[in-house]
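Q: Sequence lines, in order, name chains A and B. Numbering follows the working numbering, with no gaps: position 100 of the first sequence is 100. Numbering follows the working numbering, with no gaps: position 45 of the second sequence is 45.
Hint data in this document are derived by calculation from the structure and do not stem from the laboratory. Worth double-checking, as some hints may not be accurate.
[Said to hold, decoys possible] Below, simulated EDC-like cross-link-like pairs (lysine to aspartate or glutamate); rule was C-alpha separation at most 20 angstroms, straight line:
#1 B:Lys158 with B:Asp135
#2 B:Lys192 with A:Glu41
#3 A:Lys14 with A:Asp38
#4 A:Lys14 with A:Glu4
#5 A:Lys7 with A:Asp146
#6 A:Lys7 with A:Asp39
#7 A:Lys88 with B:Asp174
#8 B:Lys89 with B:Glu190
#9 B:Lys89 with A:Glu43
#10 B:Lys35 with B:Glu187
#11 A:Lys14 with A:Glu41
#12 A:Lys88 with B:Glu177
These figures come from a predicted structure and were not determined experimentally.
Residue strings, one per chain:
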Amino acid sequence: MKDELAKRLVQGLKDAGINFVTYLPETRLSQIVPLIRDDPEMELIAAASEQEAVTIAAGATLGGKQAAVYMENTGIYVSAYSLLTIGKQLGVPILLVVGYLGGVPDQRNSFLYSTIGKHTIPTLEGLGIEHMLLNDGDGLEGKINDAVRAANALRAPFALLFAGEFSV
Amino acid sequence: MIRHECLELLAAKMTDHLVVTSQSGQRIEWSHLSKHEGNLLVGMMGCAVGVATGLALALPHRKVIALDSDGSVLLSLFNLATLGNLRPKNLVIYVFDNGVYSGSRISYPTATAGRTDLAAMARAAGIANAHTIRDLEEFRNQGLGALAQNQLGFLVCKVEESLLHREIPRPNTDLAENKYTFVRYLERTEGKTIPFVGRG
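Could you build all of it, start to finish, from the sequences and the hints given here?
A: Structure follows, in structure tokens:
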């Protein structure tokens, strides 16, 4: 991802009210980590598992933060339990910022990732988690804002899947 | 020492604490002993410590308590490494360790019935104030004393298996109802709006 796109992504998160981010880094969107870390208006928390990242984000949301979890799409599988029980069943809005590896628009797709990518959207749909695919920066800020608004309205996680230009 | 005795002592100390419980008999016992609006009765194993950590980070001036079990902690051991580095000073975790998966109804032993020492694992993960408590007097002193300390506490309370919770009516509070009671309590006591609630 070009640095300019990373900056727009982080600014879009801020503009949408995100002020607390838990994460496990991955390869496609990792430029956002130092940008968030260095922003005094955002709190960045490293987790040891995506399942944990979701629960910490949920606690922060209940405590008054607007939280996001940044993860690779493999983290959707790892965190499915907490996404379903804490996110959906308890009803806690969390923005999922997901590096969408192995999907058709992933510019670095290979046999290493394609199976992971193939099952990501069906898994989100199986969990009943709304999602939006972003392949370029067109309207990026508005789409992030739409996702946060939808998550809050639904009282549920909402996944933004980043591929295309974001995976270069 | 049985868990209910510890929880009775703990309940008497609650003021404006925020208490997150995981799923096990202690969730039922705590809901019976404490009607505090700051209770969040999370009904899933392996999630309470994470949720409590998020609350503690979001509200660093509030004391947050997690009530957990050995089975739940074993399900989410990654919490130890994260907490060992974050060390939120306002979080105290009580692990009621009975050495069995009591809810399974066959009381199948957990790893802590064997060689696994959760307090030692927590210390190795970086949680300095991690201890094992083996009797009620120790719980009164070290266990309740952790509430007054300004540091992360991880207290493994070795308890006998007790089926007392099966004689107590389960809480009839729906998860969403509990969540909103908790959030409204926070809004009132923090004097701020929790953003996601919004207006219809």
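Q: Take the hints in turn and mark each one as holding or not.
A: Quick rundown of the hints versus the structure:
1. B:Lys158 with B:Asp135: holds, 8 angstroms
2. B:Lys192 with A:Glu41: holds, 18 angstroms
3. A:Lys14 with A:Asp38: This hinted pair holds, its Cα atoms lying about 13 angstroms apart.
4. A:Lys14 with A:Glu4: holds, 15 angstroms
5. A:Lys7 with A:Asp146: OK: Lys7 (chain A) and Asp146 (chain A) at ~19 angstroms, within 20 angstroms.
6. A:Lys7 with A:Asp39: Distance of about 11 angstroms is within 20 angstroms: holds.
7. A:Lys88 with B:Asp174: holds, 14 angstroms
8. B:Lys89 with B:Glu190: This hinted pair holds, its Cα atoms lying about 19 angstroms apart.
9. B:Lys89 with A:Glu43: holds, 17 angstroms
10. B:Lys35 with B:Glu187: Given that 20 angstroms is the threshold and the Cα spacing comes to 18 angstroms, the pair holds.
11. A:Lys14 with A:Glu41: holds, 8 angstroms
12. A:Lys88 with B:Glu177: Status holds; Cα separation ~14 angstroms.
Consistency note: the structure conflicts with none of the earlier hints.
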